[in-house]
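Student: Guided by the hints, dock chain B onto chain A, whose structure is given.
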Amino acid sequence: MMRNKLLGLLLFALSFSALLSCETDGPDDYKDHFVKYYGGDGDQESKDLLVNDDGTVVMLGTSTETTGKKNVLVVKADVEGKQLWSLKLVGPTDEMAQDVEKISTGPDAGNYLIVSNAEKSVADSLAIRLTIVSETGDSLKSFLIDRYESQEAKSITILSTGQYYLTGKVKNVDTLNVELPGVIDLEDSFDMIIGSDFSLVSSDRFGKSTVASGVKILDRSNSINYALYTDEFIGADGVYESNFVFRRYNKVTNDKESFYSGSPRMNEYLADIDQSLTGIFLAVGTQIDPNTKSTKVYVTSINSSFISVNTEATVASPNQGEGVATCAAIDGNFFWVVGNEIRSGGLRNIWLGKLDGTDLSTVFSRTFGGPSNDDTASKVLQLDNGDVLILGTMELVNQKKMALIKIKANGSF
Amino acid sequence: MRFYKSLLSGLLLISVIHTGSFAQTTSCEAQLSAATAEFEAGRFYGIPSMLKPCIDNGFTREQRQRAFLLLTQAYLLLDDPIGADNSYLEVLRANPEFLADTARDQIDVVYLSKRFTASPIFSLSGRIGGNFSPISVISTINSSGEQGVDNKYKLRFGWQAAVGVDWHLSERIAVTAELNYAFTSYRKDQVKFNNDLEQFTDKQNWISVPLGVKYSFFVRERIRPYVFGGYAFNFLFSDKGQIKIFKRDAGEGSLDESSPEFSFNSYRTKLNTSLFLGIGAKYKVGIDFLFAEIRYNAGLTNVVKPTTTYGSTSPAIEYGHVDDYFRINNFSISVGYVKPLYKPRKLKHIRTKSVLKGIKKQGT
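Note that the protein sequences, when read in sequence, are chains A and B. Residues in the first sequence are numbered consecutively from 1, following the working numbering. Residues in the second sequence are numbered consecutively from 414, following the working numbering.
Next comes chain A alone, as it looks inside the complex (with noise of 0.2 Å):
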């Protein structure tokens, strides 16, 4: 009787603790850190993303339909990534997604301008669409900037006047050179100045060799700093090769100084550029070289008067690898750059790195990607937290996907 009540005693104490011991809460981590999908039918290819201050993000990218009409895909989701709202830009054309901005100024303060480039009539030729959403994901309006052939806008920036500076390349459709004749032209770079009410107030065009392109403009309190790449002959080069271009315009004075980065019979294409919390720049793009084709991810540091360049270099690892977008870390003088790792066969993994601006030295790196997929990279961000969102497109078995990856600062989820 008393081996009765004790194997009841005993029975009751270990269900006691085994239901005690029920998992009916996971941790929370899936929340924090997470890859999220983006898109409907089709294909979605991502592009820009950006962060509000309440910790929410706009991501755009370019949606191709079953038809293959290419339209223009804006994504907003909450901190968790769940998506809030999404709204796609139908025009009449094919459209393709290049940049997002928050307008602080002006009528349109809050909204966020979208830039796009819409296929024109004439065969391989752009113009450059401005689009106004509202927060809340209505589109407002929008206008058509057609100032040249064909233009093709590389990224936007909201000046404190409350005009945009817009950069890119113009598209040549008569490549003979007029300038350097027996040298192809096929584009140039422009910069246009638009209104806050969207009006063309100015527009530059230039470029003698084969290629240029302006890629971003950083408006500072004395200066516009404007990044870009040619191959026209720079310094000592004698050779046509692209190279990063730095130009920094005085406000004050109107004087102009140009610098430029890049290896000799190399050719390297400026992707981005980001100035750290201690002042100093970064510049990210893919270096070619033009005879044995190889790839890499190509960086240069840039003092903080953006004057001259401290130190350039290729990035080690990935062996093959394209430059995409970089941002500066909370943490002093690094950088965050996020580009293409390319392996064999031509197939791409998202590659992250945290780079030094000091010495370019590469302190963190990972790769994302699935090993028979084509996976690459769009932007990178560090948000105040430390947390690191990177915006991608995933190759999915049988369809693109953008994708938002959320990790924390040492890479991991």
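If you're looking for bench data, these hints aren't it; they were derived computationally from the structure. Incorrect hints may appear among the rest.
Below, computed lysine-lysine pairings styled on DSBU-like, alpha-carbon distance capped at 30 Å [to be verified]: (1) B/Lys752 with A/Lys5; (2) A/Lys31 with B/Lys567; (3) A/Lys31 with B/Lys653; (4) A/Lys5 with B/Lys527; (5) B/Lys718 with A/Lys31; (6) A/Lys120 with A/Lys171; (7) B/Lys770 with A/Lys5.
Simulated restraints, written as ranges between beta carbons of each label pair [as the list claims (entries may be wrong)]: (8) A/Ser372 with B/Glu665: 21 to 27 Å; (9) A/Thr161 with B/Ser679: 54 to 60 Å; (10) A/Ser372 with B/Asn608: 23 to 29 Å.
Derived list of chain A stretches under chain B, where covered just means 3 residues or more per stretch with a C-beta under 8 Å from a C-beta of chain B [unchecked claim]: (11) 13 to 22; (12) 81 to 92; (13) 368 to 379.
Beta carbons: idealized from backbone N, C-alpha and C, even for Gly.
Tutor: Then chain B, alone, in the frame of chain A:
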């Protein structure tokens, strides 16, 4: 007195051996009937020798029971307790579940029976059957950021086989332990990206050690229902998954792709636990049992390792597949065989109150 009793037993034994050849020429049933007639006529001394040949070779199990019961009665009347004890032990060996009955048997036999038991201390069992595994989601995790993602878990059938041992604390209560292999499976259907379907089929192989308690009813009937429950340690030693994606875009047919079946071991918690409850019934076949039971395992552990939900080359990156956090339950139906390891033996503590109760009951 004791000397004479022993002498008597010895003589009986010699008599049994001596007359062995007689039994071989007579049918054992007839021999048993003859011995019974001898007993009823009050001639006890010749009974052992009459039965000896058939005891050695010829009685069926049921006949052995009757024969040794007759011998037990004879020895009791001959005042030979050793012989009676030995004979009653043989009764229990022939039928371990034999119970003397005040309505049928001599009161001396009934009292004697209270000094013995053949109840098994251990029983061995084996079972086999089918199962399915309902999923209890702890946290829903979607790889798609969009709203309106629809997740449904579908049941798939598996099977299991087990061997077990019951430690009988009493006739009704036993502590049970098993070694169980189970193959389980489920399917998760997720609709996302505007009507695309992702089908994830998960197949798991488990080794489990369920420890529990079993309570039996109607322990003297041919069909004996029982209930059981306990705690199980479940080792997930293999988990394989396959992802099928049906891209169903408007205006286009379904573009279907399927992954190979690949290991999910690194994404799973190896050691899981569960509580189980069940009911069953044993059906007596000879001195053993066939049984059938249904069992429900309530999983207690998150089967998914939370740290592996995302990774550089995880299914989340390659296929857009993310596991929810979930517990896996299991509902199984089994049939099996129980071999009680009967052990006829003398009891240390004798209880005879039930005899008096039985007599009183008969009187009313």
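Student: Would you check chain B against the segment 81 to 92 of chain A, counting CB to CB pairs closer than 8 Å, and say if three or more residues qualify?
Tutor: holds (count 4)
Student: Taking 54 to 60 Å as the hint, is the beta-carbon distance of A/Thr161 and B/Ser679 inside that range?
Tutor: Check passed, 55 Å falls within 54 to 60 Å.
Student: For a C-alpha distance cap of 30 Å, please report whether A/Lys5 and B/Lys527 respect it.
Tutor: With Cα atoms ~24 Å apart, A/Lys5 and B/Lys527 stay inside 30 Å; holds.
Student: Does the alpha-carbon distance linking B/Lys718 and A/Lys31 stay inside the 30 Å limit?
Tutor: holds (15 Å)
Student: Between the segment 368 to 379 of chain A and chain B, are there enough contacts, at least three residues with CB-CB distance under 8 Å, for the coverage claim to hold?
Tutor: This one holds; 7 residues, not fewer than the three required, reach chain B with a Cβ under 8 Å.
Student: Take the C-alpha atoms of B/Lys752 and A/Lys5, compute the straight-line distance between them, and say whether it is at most 30 Å.
Tutor: Distance of about 28 Å is within 30 Å: holds.
Student: Quickly compare the C-alpha distance for A/Lys31 and B/Lys653 to 30 Å and report which way the hint goes.
Tutor: holds (26 Å)
Student: In terms of beta carbon proximity below 8 Å, does the segment 13 to 22 of chain A have 3 or more residues touching chain B?
Tutor: Per the Cβ count (6), the hint holds.
Student: Between A/Lys120 and A/Lys171, is the straight-line Cα distance small enough, at 30 Å or below?
Tutor: holds (13 Å)
Student: Keeping to a limit of 30 Å between CA atoms, is the pair of A/Lys31 and B/Lys567 held or broken?
Tutor: holds (25 Å)
Student: Given a hinted range of 23 to 29 Å, is it respected by the beta-carbon distance of A/Ser372 and B/Asn608?
Tutor: holds (24 Å)
Student: For B/Lys770 and A/Lys5, compute the direct alpha-carbon distance and say whether it is at most 30 Å.
Tutor: holds (26 Å)
In summary, the structure agrees with every hint in the numbered list given earlier.
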